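Engineer: Sequence:
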Amino acid sequence: MRMCRIKIKSITPYSASRPVDIEKNKSEGHEEFDKRIWREKAHFNKDEDVFIPGVSFKLSLDEVASMLNEKIKGKGNQTYGKIVSTATVAMSDLYINVKKSDLKSITIFANLDGKRGGTVRGNRTFPIVPSWEGTVDFQIFNDELPAEVFERYMTQAGLLTGVGRGRPGMKAPAGNGRFQPVSFEWSEI
Numbered sequence: 012m013r014m015c016r017i018k019i020k021s022i023t024p025y026s027a028s029r030p031v032d033i034e035k036n037k038s039e040g041h042e043e044f045d046k047r048i049w050r051e052k053a054h055f056n057k058d059e060d061v062f063i064p065g066v067s068f069k070l071s072l073d074e075v076a077s078m079l080n081e082k083i084k085g086k087g088n089q090t091y092g093k094i095v096s097t098a099t100v101a102m103s104d105l106y107i108n109v110k111k112s113d114l115k116s117i118t119i120f121a122n123l124d125g126k127r128g129g130t131v132r133g134n135r136t137f138p139i140v141p142s143w144e145g146t147v148d149f150q151i152f153n154d155e156l157p158a159e160v161f162e163r164y165m166t167q168a169g170l171l172t173g174v175g176r177g178r179p180g181m182k183a184p185a186g187n188g189r190f191q192p193v194s195f196e197w198s199e200i
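Position 126 (the sequence shown) corresponds to 137 in this note's numbering; numbering is contiguous.
Just so you know, these hints were derived from the structure itself, not from any lab. Predicted model, so just to flag it, every value in this text is computed and none were measured. Be aware that a few hints might be false.
Stated by the list, open to error - What follows is a set of in silico ranges between Cβ atoms, one per label pair, in the way DEER data are often shown:
#, residue 1, residue 2, range
1, K46, E159, 38 to 48 Å
2, P141, E43, 23 to 33 Å
3, K46, T130, 14 to 24 Å
4, E81, W197, 47 to 57 Å
5, E59, E144, 35 to 45 Å
6, G128, R13, 39 to 49 Å
7, N80, I33, 37 to 47 Å
8, K126, W197, 34 to 44 Å
9, E42, A158, 47 to 57 Å
10, K20, D154, 22 to 32 Å
11, E196, K93, 38 to 48 Å
12, K35, E144, 20 to 30 Å
13, N88, G133, 44 to 54 Å
14, K86, G133, 47 to 57 Å
In this text, a Cβ means the ideal position worked out from N, Cα and C, and glycines have one as well.
Could you put the whole structure together from the sequences, leaning on the hints where they help?
Structural biologist: See the structure below:
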């Protein structure tokens, strides 16, 4: 088993859209409700430190590995996608050195019910972080996944699929959540 600590830096802004369990006031419409609770859509801990869930990077990595569909030499039709999906785990979240109270917002014209292709559209407000960086730890359980393949896939994940709301992997025009790995620090477990 190996551990890889990845230092990541943003290419484009990060925007979160975490579902919230807050009741709408009877007197407010959806747009007013969104303006009131937009900060709650970010991920944060009890100290209100904002983070990007490690699982977001894992899902981005899985998506790009499946997309690239690269066969393993000497293993017939076996691909790295299968190994990446079953043998890698994000072991930490990526804290971006922003407090919940310091978040900025962005208002976009979108589906009010949150469903693509919905019939009711209006203004939605989301948290956005223009520039971000941090580290995320991954554990790799299969030695058949070479470090250079993992690093290449993580780099491609940052460009092709990204993390958060409006990321390229969701075919969103915003292109939010793109990132670049700055360094990979490997260790044996």
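Engineer: Indicate, hint by hint, whether the structure satisfies it.
Structural biologist: To see whether the hints hold, each was checked on the structure:
no. : hint                    : in the structure
1   : K46 x E159: 38 to 48 Å  : holds, 47 Å
2   : P141 x E43: 23 to 33 Å  : holds, 25 Å
3   : K46 x T130: 14 to 24 Å  : holds, 22 Å
4   : E81 x W197: 47 to 57 Å  : violated, 21 Å
5   : E59 x E144: 35 to 45 Å  : violated, 19 Å
6   : G128 x R13: 39 to 49 Å  : holds, 43 Å
7   : N80 x I33: 37 to 47 Å   : holds, 41 Å
8   : K126 x W197: 34 to 44 Å : holds, 42 Å
9   : E42 x A158: 47 to 57 Å  : holds, 48 Å
10  : K20 x D154: 22 to 32 Å  : holds, 29 Å
11  : E196 x K93: 38 to 48 Å  : violated, 26 Å
12  : K35 x E144: 20 to 30 Å  : violated, 35 Å
13  : N88 x G133: 44 to 54 Å  : holds, 48 Å
14  : K86 x G133: 47 to 57 Å  : holds, 51 Å
In this structure, the hints that do not hold are numbers 4, 5, 11 and 12, in rising order.
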